[in-house]
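Asks: Chain by chain, the residues:
Protein chains: 4
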Amino acid sequence: MIRVGVLGARGRMGAEVCRAVEAADGLELVAAIDQGDALDELTKAGAEVAVDFTHPDVVMDNLRFLVENGVHAVVGTTGFDASRLETVRSWQAATPGAKVLIAPNFGIGAVLMMNFAAKAAPFFESVEIVELHHPNKADAPSGTARRTAELVAAARAEAGAGASPDATSQEIPGARGADVEGVRVHAVRLSGLIAHQEVLLGGHGETFTIRHDSMNRESFMPGVVLGVRRVADLPGPLTVGIESLLGL
Amino acid sequence: MIRVGVLGARGRMGAEVCRAVEAADGLELVAAIDQGDALDELTKAGAEVAVDFTHPDVVMDNLRFLVENGVHAVVGTTGFDASRLETVRSWQAATPGAKVLIAPNFGIGAVLMMNFAAKAAPFFESVEIVELHHPNKADAPSGTARRTAELVAAARAEAGAGASPDATSQEIPGARGADVEGVRVHAVRLSGLIAHQEVLLGGHGETFTIRHDSMNRESFMPGVVLGVRRVADLPGPLTVGIESLLGL
Amino acid sequence: MIRVGVLGARGRMGAEVCRAVEAADGLELVAAIDQGDALDELTKAGAEVAVDFTHPDVVMDNLRFLVENGVHAVVGTTGFDASRLETVRSWQAATPGAKVLIAPNFGIGAVLMMNFAAKAAPFFESVEIVELHHPNKADAPSGTARRTAELVAAARAEAGAGASPDATSQEIPGARGADVEGVRVHAVRLSGLIAHQEVLLGGHGETFTIRHDSMNRESFMPGVVLGVRRVADLPGPLTVGIESLLGL
Amino acid sequence: MIRVGVLGARGRMGAEVCRAVEAADGLELVAAIDQGDALDELTKAGAEVAVDFTHPDVVMDNLRFLVENGVHAVVGTTGFDASRLETVRSWQAATPGAKVLIAPNFGIGAVLMMNFAAKAAPFFESVEIVELHHPNKADAPSGTARRTAELVAAARAEAGAGASPDATSQEIPGARGADVEGVRVHAVRLSGLIAHQEVLLGGHGETFTIRHDSMNRESFMPGVVLGVRRVADLPGPLTVGIESLLGL
Chain S
1 MIRVGVLGAR
11 GRMGAEVCRA
21 VEAADGLELV
31 AAIDQGDALD
41 ELTKAGAEVA
51 VDFTHPDVVM
61 DNLRFLVENG
71 VHAVVGTTGF
81 DASRLETVRS
91 WQAATPGAKV
101 LIAPNFGIGA
111 VLMMNFAAKA
121 APFFESVEIV
131 ELHHPNKADA
141 PSGTARRTAE
151 LVAAARAEAG
161 AGASPDATSQ
171 EIPGARGADV
181 EGVRVHAVRL
191 SGLIAHQEVL
201 LGGHGETFTI
211 RHDSMNRESF
221 MPGVVLGVRR
231 VADLPGPLTV
241 GIESLLGL
Chain C
1 MIRVGVLGAR
11 GRMGAEVCRA
21 VEAADGLELV
31 AAIDQGDALD
41 ELTKAGAEVA
51 VDFTHPDVVM
61 DNLRFLVENG
71 VHAVVGTTGF
81 DASRLETVRS
91 WQAATPGAKV
101 LIAPNFGIGA
111 VLMMNFAAKA
121 APFFESVEIV
131 ELHHPNKADA
141 PSGTARRTAE
151 LVAAARAEAG
161 AGASPDATSQ
171 EIPGARGADV
181 EGVRVHAVRL
191 SGLIAHQEVL
201 LGGHGETFTI
211 RHDSMNRESF
221 MPGVVLGVRR
231 VADLPGPLTV
241 GIESLLGL
Chain F
1 MIRVGVLGAR
11 GRMGAEVCRA
21 VEAADGLELV
31 AAIDQGDALD
41 ELTKAGAEVA
51 VDFTHPDVVM
61 DNLRFLVENG
71 VHAVVGTTGF
81 DASRLETVRS
91 WQAATPGAKV
101 LIAPNFGIGA
111 VLMMNFAAKA
121 APFFESVEIV
131 ELHHPNKADA
141 PSGTARRTAE
151 LVAAARAEAG
161 AGASPDATSQ
171 EIPGARGADV
181 EGVRVHAVRL
191 SGLIAHQEVL
201 LGGHGETFTI
211 RHDSMNRESF
221 MPGVVLGVRR
231 VADLPGPLTV
241 GIESLLGL
Chain W
1 MIRVGVLGAR
11 GRMGAEVCRA
21 VEAADGLELV
31 AAIDQGDALD
41 ELTKAGAEVA
51 VDFTHPDVVM
61 DNLRFLVENG
71 VHAVVGTTGF
81 DASRLETVRS
91 WQAATPGAKV
101 LIAPNFGIGA
111 VLMMNFAAKA
121 APFFESVEIV
131 ELHHPNKADA
141 PSGTARRTAE
151 LVAAARAEAG
161 AGASPDATSQ
171 EIPGARGADV
181 EGVRVHAVRL
191 SGLIAHQEVL
201 LGGHGETFTI
211 RHDSMNRESF
221 MPGVVLGVRR
231 VADLPGPLTV
241 GIESLLGL
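For the record, the sequence lines run as chains S, C, F and W.
UniProt numbering puts the first residue of the first sequence at 1, with every later residue one more than the last.
UniProt numbering puts the first residue of the second sequence at 1, with every later residue one more than the last.
UniProt numbering puts the first residue of the third sequence at 1, with every later residue one more than the last.
UniProt numbering puts the first residue of the fourth sequence at 1, with every later residue one more than the last.
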């Protein structure tokens with residue numbers, strides 16, 4: 001049984017994490033902490049792993065406490081840049097023992113999609129991305145689609161793959177989508193949809209499609225639970241992203 | 001056995017029609033005519049139906065001959081406007097008997113897609129179109145996609161349906177596609193593809209998708225063969241489009 | 001403003017109907033009735049249309065009351081056979097005025113899918129159905145898939161279309177799906193899915209696909225609201241199915 | 001410029017290989033050999049790499065010649081078991097220098113699909129496979145689908161993943177597909193299709209789909225060309241499968 005504490009337990013994501021930990025075999029929720037609670041409730045409860053979905057303003061204080069007290073950390077809070085990561089590493093050097101996993105995205109499906117797309121991209125002449133979301137979304141294309149396009153473009157550049165062929169000479173403006181580092185990205189907005197993305201790759205006589213459909217935020221939980229289970233056994237003190245947990 | 005003649009028999013489409021007529025149960029190819037051949041080879045061969053895939057410059061002369069000689073006509077040649085149709089009707093009034101079917105598109109799948117999309121469009125909050133073609137295509141979006149968008153927009157306007165909801169406030173130019181009469185149309189160009197189109201409709205808690213994949217020009221032949229079989233029994237002297245043959 | 005009453009208002013579907021009526025422009029919920037409430041609350045509240053999602057045991061009593069009191073009825077309760085329909089017609093003959101719309105399925109997407117599939121089926125050599133649902137579903141294939149297959153088979157039989165070609169001579173049992181009146185139906189059960197169906201049609205060089213994705217029971221509500229709006233103007237006293245409201 | 005010879009050059013696949021080599025940048029076709037031709041035409045022409053799409057009866061003689069003459073080999077001929085591979089290794093030990101790449105499948109898309117499916121399979125509750133082919137295919141499911149199911153099943157077993165959930169208690173025989181090592185596989189046969197496969201994975205609130213569409217045997221050629229380009233630089237003397245060339 002892994003003893004788990006949750007920081008930010010009354011937030012939207014934190015509450016989901018509490019439910020997921022309670023439902024997972026082999027995990028036990030021993031502390032659910034939020035603003036106003038003392039951090040040492042975690043250590044008093046004997047937490048071995050803490051999950052942090054709080055706020056960029058408080059996450060560094062939380063992490064310092066966890067590292068100093070030997071509690072492994074699984075962090076979904078955003079806002080980590082190179083300097084913050086360096087600070088975390090310095091704490092870990094001073095008081096070794098606690099492993100830290102920080103991931104900008106715990107969605108296993110989304111991470112697999114991006115990784116597979118980048119792996120496959122050098123082997124096909126053409127790549128385009130179609131993302132499809134509910135019509136209340138403010139940005140087009142989605143952050144995940146932009147990130148996928150960047151990864152695809154980098155993988156193609158590294159492999160020396162050329163631009164996707166395109167003979168379009170007559171276009172109604174916008175028909176060919178947005179250009180994100182040379183990759184065309186199309187954003188569909190449709191009532192009834194939630195969050196979906198397709199990466200389309202094509203070469204002579206064949207096409208290859210990777211599609212991810214996400215119905216709700218619950219879909220981040222398997223990635224968080226996986227992180228809780230594996231964080232203690234990660235090879236280095238600090239791991240960024242869940243790719244290595246997925247064997248990618 | 002229906003005795004069939006083909007005009008434009010050595011052209012790309014005409015040659016396909018000859019093959020399709022020969023392969024179809026109940027049809028017999030009795031004349032294959034092209035530039036330089038005399039039109040009365042058709043009547044000498046006893047053709048009951050003639051298929052015309054020729055050129056706008058010669059199709060009217062062909063049609064006058066067919067109508068005057070009582071040969072039913074199935075016409076895929078383009079360039080018919082209201083005035084040309086009126087002329088054909090006047091010939092049919094003078095010498096009744098020959099039925100004429102003129103269709104801008106003999107692709108059964110494409111015609112079904114456009115018709116179903118227009119029928120369904122008033123009942124969903126959102127409609128968008130994604131068309132996907134090989135990368136050698138010059139125009140984006142495709143003519144079929146533009147025509148579908150126009151039909152969808154007209155059906156929605158007639159039913160009093162409002163605009164598809166869209167909260168996009170931050171867009172990389174082109175991400176949301178081309179605007180064709182208020183319908184967003186996205187054009188994917190991908191090596192390995194041929195000619196494909198999806199119409200996506202969505203409302204509260206459901207989406208509805210109509211997709212057509214066309215692998216080659218052979219796919220127009222079932223529509224031509226259907227036209228040949230049914231032209232003699234069409235209710236009026238002149239029919240435009242194959243919709244009525246499809247029970248639409 | 002159409003004044004609407006709901007029978008079975010505390011049931012799962014009835015409660016959804018109450019919410020949908022309250023949210024719909026031009027409709028006003030004036031009575032929400034369930035077991036134990038008196039039916040004349042409807043008439044006292046001045047309901048012009050009543051929606052019935054109750055139980056086969058009580059729906060006939062409800063309908064007789066509605067017809068006798070001149071309240072139009074929109075009925076989603078199941079269990080109507082030819083004899084029950086005849087009884088309703090006899091009540092309407094005795095006291096004309098109230099229109100009755102009885103539909104086994106108010107899902108606009110599902111009804112469009114079945115109707116379009118049957119319309120298209122005679123024009124393609126091959127038809128198969130793939131339905132995809134959450135893994136807690138007890139029956140395979142789904143009722144909607146079976147019904148679609150029956151409608152497709154009937155349409156093909158009427159048009160004289162032959163069996164879909166299939167050269168399979170070596171099969172791991174079940175690979176080719178279930179045979180429903182000559183139409184192959186495949187049932188996928190997958191965690192993360194809700195209720196989805198694809199009808200695949202194919203001929204020489206082209207395929208045509210109709211897909212419906214239903215995320216929740218909310219998706220029946222637009223059909224119920226449409227019924228409420230149109231029931232008073234239906235041509236005959238008794239209408240079965242929402243097809244005619246969809247212009248099909 | 002890599003100098004390339006083709007063995008089995010007049011066969012269906014061999015002829016495609018000749019065309020692909022001639023069309024590829026940096027490759028030169030210097031010998032096209034088939035039954036009746038002397039193998040030393042290869043060495044006389046100065047071939048550095050030979051591609052073998054011949055027959056299990058002759059491929060071992062070809063390989064011995066290539067290894068003894070220091071010509072790298074890219075082999076698509078089938079029929080290699082452990083004993084044949086051991087024999088090839090012994091030849092390479094005796095006269096080192098020539099690298100050998102033997103692959104049961106040169107389709108980059110198919111290999112990526114199988115590899116990605118196996119990688120993703122442990123992280124989702126459910127996996128099913130739908131393969132879709134033209135109706136003249138004799139076996140159902142396809143060899144690729146069976147192989148994919150085996151790889152998926154092995155990956156799940158190794159990761160300790162349980163069976164995909166399935167509450168089906170009432171089934172029309174075949175609806176739930178074929179059982180291939182615990183993975184459900186559905187085979188669609190449809191006029192207009194060529195060779196297609198979807199691997200569907202699903203967990204709480206999300207689904208993940210990998211799809212491969214293959215339009216013709218041309219789609220094996222990029223894999224063969226990749227093999228020709230990379231064979232000389234492969235780490236070991238004998239490599240089985242193109243996975244390592246794809247960075248998988």
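Calculated from the structure, these hints are not laboratory results.
Accuracy of the hints is not assured; some may be wrong.
Now the in silico label distances, taken between C-beta atoms and shown as ranges [to be verified]:
1. Glu28(S) - Gly182(C): 48 to 58 Å
2. Ala15(F) - Glu158(S): 29 to 39 Å
3. Asn216(W) - Gly182(F): 48 to 58 Å
4. Asp57(F) - Val240(C): 25 to 35 Å
5. Asp233(W) - Glu243(S): 18 to 28 Å
6. Arg19(C) - Asn136(W): 12 to 22 Å
7. Arg19(C) - Leu234(W): 45 to 55 Å
8. Gln35(W) - Glu150(S): 27 to 37 Å
Here's a subset of chain C near chain S, in silico, CB distances under 7 Å, partners left out [unchecked claim]:
9. Glu125
10. Ser142
11. Thr168
Quantities reported herein were computed from a predicted structural model and do not represent experimental measurements.
Just so it is clear, CB atoms sit at the ideal spot from N, CA and C, and this is done for glycine as well.
Asks: Does each hint fit the structure? Answer for all of them.
Replies: Right, here's what the structure says about each hint:
no.	hint	in the structure
1	Glu28(S) - Gly182(C): 48 to 58 Å	55 Å, holds
2	Ala15(F) - Glu158(S): 29 to 39 Å	56 Å, violated
3	Asn216(W) - Gly182(F): 48 to 58 Å	30 Å, violated
4	Asp57(F) - Val240(C): 25 to 35 Å	54 Å, violated
5	Asp233(W) - Glu243(S): 18 to 28 Å	27 Å, holds
6	Arg19(C) - Asn136(W): 12 to 22 Å	19 Å, holds
7	Arg19(C) - Leu234(W): 45 to 55 Å	48 Å, holds
8	Gln35(W) - Glu150(S): 27 to 37 Å	52 Å, violated
9	Glu125	4 Å, holds
10	Ser142	9 Å, violated
11	Thr168	5 Å, holds
Violated hints, in rising order: 2, 3, 4, 8 and 10; the structure is consistent with all others.
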